[in-house]
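If you read the protein sequences in the order shown, they are chains A and B. Those letters in the first sequence? Residues 0 to 473, per numbering that gives the first Met the number 0, in order. Those letters in the second sequence? Residues 0 to 240, per numbering that gives the first Met the number 0, in order.
Derived by calculation from the structure, the hints in this document are not laboratory data. Computed from a predicted structure; not experimentally measured. All C-beta atoms in this analysis are idealised placements derived from N, C-alpha and C, irrespective of residue type, glycine included. Treat the hints with care, as some may be off.
What the hints assert, rightly or not - Which residues of chain A face chain B? A partial, calculated answer using Cβ under 8 Å: (1) R48; (2) P49; (3) Y51; (4) E52; (5) G55; (6) L56; (7) R59; (8) G165; (9) T246; (10) G247; (11) H356; (12) G389; (13) Q390; (14) L392; (15) N395.
Listed below are the residues making up each chain.
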Amino acid sequence: MSQTITIDPVTRLEGHGKITLKTNDQGEVSEAYFTVTQVRGFEKFSQGRPFYEMPGLMARICGICPVSHLLASAKACEAIMSVTIPPTAAKLRSALNMAQTIQSHALSFFYLSSPDLLLGMDADPADRNIFGVVKVDPELGRAGVALRRFGQHIIELLGKKRIHPGWVVPGGVTEPLDSAKRDEILAMIPEAYANIRLALNWYKRIADRFRDEADHFANFPGAFLGMVGEDNGLEFTDGKLRLIDATGKILVDKLEAAQFDDHFGEAVEPYSYMKFPYYKPLGYPDGSYRVGPLARLNIATHAGTPLADIEVKEFKQLANGPVLGSFYFHHARLIDILYGIEFIERIFSDPTILDTHVRATAGVNRLEGSGVAEAPRGTLMHHYKVDENGQMLWANLVIATGQNNNAMNRGVLQTAQRYVKGDKLADGMLNRVEAVIRTFDPCLSCSTHAFGQMPLEIKLVAPDGSTLDTIRRG
Amino acid sequence: MSVATDVKTLVIDGINVSARADQTILEVARENNINIPTLCHLDGLSDVGACRLCLVEVKGSPKLNPSCVLKVEEGMEVTTSSDRLKHYRQTILELPFAERNHVCSVCVANGHCELQSLGQSQGLTHVRMPYRNPQLEVDASHERFVVDHNRCILCTRCVRVCGEVEGAHVWDVMGRGIDSIVITDLCDPWGESSCTRCGKCVQVCPTGALFDKSKVGSPHPKYPEFLTNLQVMREASREGL
Numbered sequence: 000m001s002q003t004i005t006i007d008p009v010t011r012l013e014g015h016g017k018i019t020l021k022t023n024d025q026g027e028v029s030e031a032y033f034t035v036t037q038v039r040g041f042e043k044f045s046q047g048r049p050f051y052e053m054p055g056l057m058a059r060i061c062g063i064c065p066v067s068h069l070l071a072s073a074k075a076c077e078a079i080m081s082v083t084i085p086p087t088a089a090k091l092r093s094a095l096n097m098a099q100t101i102q103s104h105a106l107s108f109f110y111l112s113s114p115d116l117l118l119g120m121d122a123d124p125a126d127r128n129i130f131g132v133v134k135v136d137p138e139l140g141r142a143g144v145a146l147r148r149f150g151q152h153i154i155e156l157l158g159k160k161r162i163h164p165g166w167v168v169p170g171g172v173t174e175p176l177d178s179a180k181r182d183e184i185l186a187m188i189p190e191a192y193a194n195i196r197l198a199l200n201w202y203k204r205i206a207d208r209f210r211d212e213a214d215h216f217a218n219f220p221g222a223f224l225g226m227v228g229e230d231n232g233l234e235f236t237d238g239k240l241r242l243i244d245a246t247g248k249i250l251v252d253k254l255e256a257a258q259f260d261d262h263f264g265e266a267v268e269p270y271s272y273m274k275f276p277y278y279k280p281l282g283y284p285d286g287s288y289r290v291g292p293l294a295r296l297n298i299a300t301h302a303g304t305p306l307a308d309i310e311v312k313e314f315k316q317l318a319n320g321p322v323l324g325s326f327y328f329h330h331a332r333l334i335d336i337l338y339g340i341e342f343i344e345r346i347f348s349d350p351t352i353l354d355t356h357v358r359a360t361a362g363v364n365r366l367e368g369s370g371v372a373e374a375p376r377g378t379l380m381h382h383y384k385v386d387e388n389g390q391m392l393w394a395n396l397v398i399a400t401g402q403n404n405n406a407m408n409r410g411v412l413q414t415a416q417r418y419v420k421g422d423k424l425a426d427g428m429l430n431r432v433e434a435v436i437r438t439f440d441p442c443l444s445c446s447t448h449a450f451g452q453m454p455l456e457i458k459l460v461a462p463d464g465s466t467l468d469t470i471r472r473g
Numbered sequence: 000m001s002v003a004t005d006v007k008t009l010v011i012d013g014i015n016v017s018a019r020a021d022q023t024i025l026e027v028a029r030e031n032n033i034n035i036p037t038l039c040h041l042d043g044l045s046d047v048g049a050c051r052l053c054l055v056e057v058k059g060s061p062k063l064n065p066s067c068v069l070k071v072e073e074g075m076e077v078t079t080s081s082d083r084l085k086h087y088r089q090t091i092l093e094l095p096f097a098e099r100n101h102v103c104s105v106c107v108a109n110g111h112c113e114l115q116s117l118g119q120s121q122g123l124t125h126v127r128m129p130y131r132n133p134q135l136e137v138d139a140s141h142e143r144f145v146v147d148h149n150r151c152i153l154c155t156r157c158v159r160v161c162g163e164v165e166g167a168h169v170w171d172v173m174g175r176g177i178d179s180i181v182i183t184d185l186c187d188p189w190g191e192s193s194c195t196r197c198g199k200c201v202q203v204c205p206t207g208a209l210f211d212k213s214k215v216g217s218p219h220p221k222y223p224e225f226l227t228n229l230q231v232m233r234e235a236s237r238e239g240l
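Next up, chain A with everything else stripped away, as it sits in the complex:
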């Protein structure tokens, strides 16, 4: 008999969502939906506000990646002002972005996903958390906590606050860096290297245990979007966008934020508040693509820092062409962290970083502006329109998680078809369905602008609509 399974709420994610699985008469999963159930409305209530307030306002969308919103927003504002920010400000902002990437990735990998990887997908849910990790492998747990603190502390040193720093403003940053803070940041670097090395070595040792998951966690041909630098290396803040297909062929290159709308559309589905962006020439849903750590490594030819370059080279050996399995988001995330530490070391070793000219000023010189930055979870785009006084008329945000929406839905179906069997739900099956979502590290609060914490429910629904079984957490 066919049925519907609902996982509501999904655990160990940022935000709040649910998963619905439908089975056919043979008990096989035939349909799967990842639903984001809240809406927030930043685009609406920013209307009428002066545009230069936007970075501070939009950063409130998220407590995990406020820096990405600050940067994308500030860059959209700078497009309205038509200014080029001072080079030192650009360097400081890119370092801030990497600090955030490190802390966010540390949260995703160590706090949210390492319990599955260390203890196993079928482990007792009571132990399958960061405390369980610390109990079994204290060194790994400690490295995760320390890497998160490393990123957060740099954000605090630069922006005065770990969460929602107000330091990034249209035109640059409010205050230059002093040498004491620079020295404090540089002093933290050796420990960060040791921690990420420990994590990378550990991941490579255990990755083979998850061969089956790697083959079935959203592993399919599809396009990837991300930012690259001028030398085609990794870039998180000031590069241009590139879209490649599943074979690695470049579909769009050197795309500026202002051209984003020309190439990408946003579809909506009745079951979710999260939008479904797609590449227009291929239409929806064929034009769906993935963003984030995996996409970035697939798109870039190399990292651009010595240690990460070696890791990227090894990563690219995983497949002939782009790595398509979303399980490898975890691996890519660790490489991002390593790259971030090297990048931060390089930025703060540069003596010009103490330059005091860090802000450009201008009024409204254009009535429309777009800004793009790589958030930890992928490409983030802010697009604003203002009146001649600089007051917001319209805003649209294209969020990283939204761009992975279609891939997450496909991944849920693929994973459920592999692991969910019969009419009785077992925790291990459902945990794998959740774990495929976790590989994307979605931030549902950002993508829908949702309230609340992220719990999960799985519901098993019969063809007649009756609910056969439900598991709810949170």
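Chain B: place on chain A using the hints.
For chain B alone, kept in the frame of chain A given last:
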């Protein structure tokens, strides 16, 4: 006329004080290091007794009196802090928070706001009235300054400084009661008004209602003490010093 006839003696919070007959309770209290919280009052401007935060108890009077406009009298016994006053002051502060949209975290005046500081010093932990969440205009038409009515508490400092000190009288109040709003000229956009662009109103505004465009994102402390300096200079020049 003897000097003695102009001097009044009174008691504030149990302390015997003396004052000139033309002084207010607030002035005398502050001269004697007795703190009375104020919001619409500002040294250098006339007093209007609008915010009611400086209410004090006077022995023999059942009602509370705003100390900024209450003149001293011989033998008065004044209390500036009590449970009753605390209750009233907290309620008075809750009202502007409930009336408009004060969101400190994204306000340009965060950390430099008199309403915020008073909330802290008066022990305001929450607002008991339902928020009205009105949809109010932001006027960014001025080349240098912005007025955000969402953050205005109608203290009228801007109106007074513009009329009394700058002499331009660009600012005024339109409407009545809950619908009151500060306006420039005859409700024209600020950028098209007869504003002299002196910025005095921005400096005296206790909240983030009036702010400098260039300060968004940076700390935006205000320097209302320019008023007393200006007064001293003007008096000195009048007296030919």
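| Which of the stated hints cannot be reconciled with the structure, identified by number in ascending sequence? | 9, 10, 11, 14 and 15
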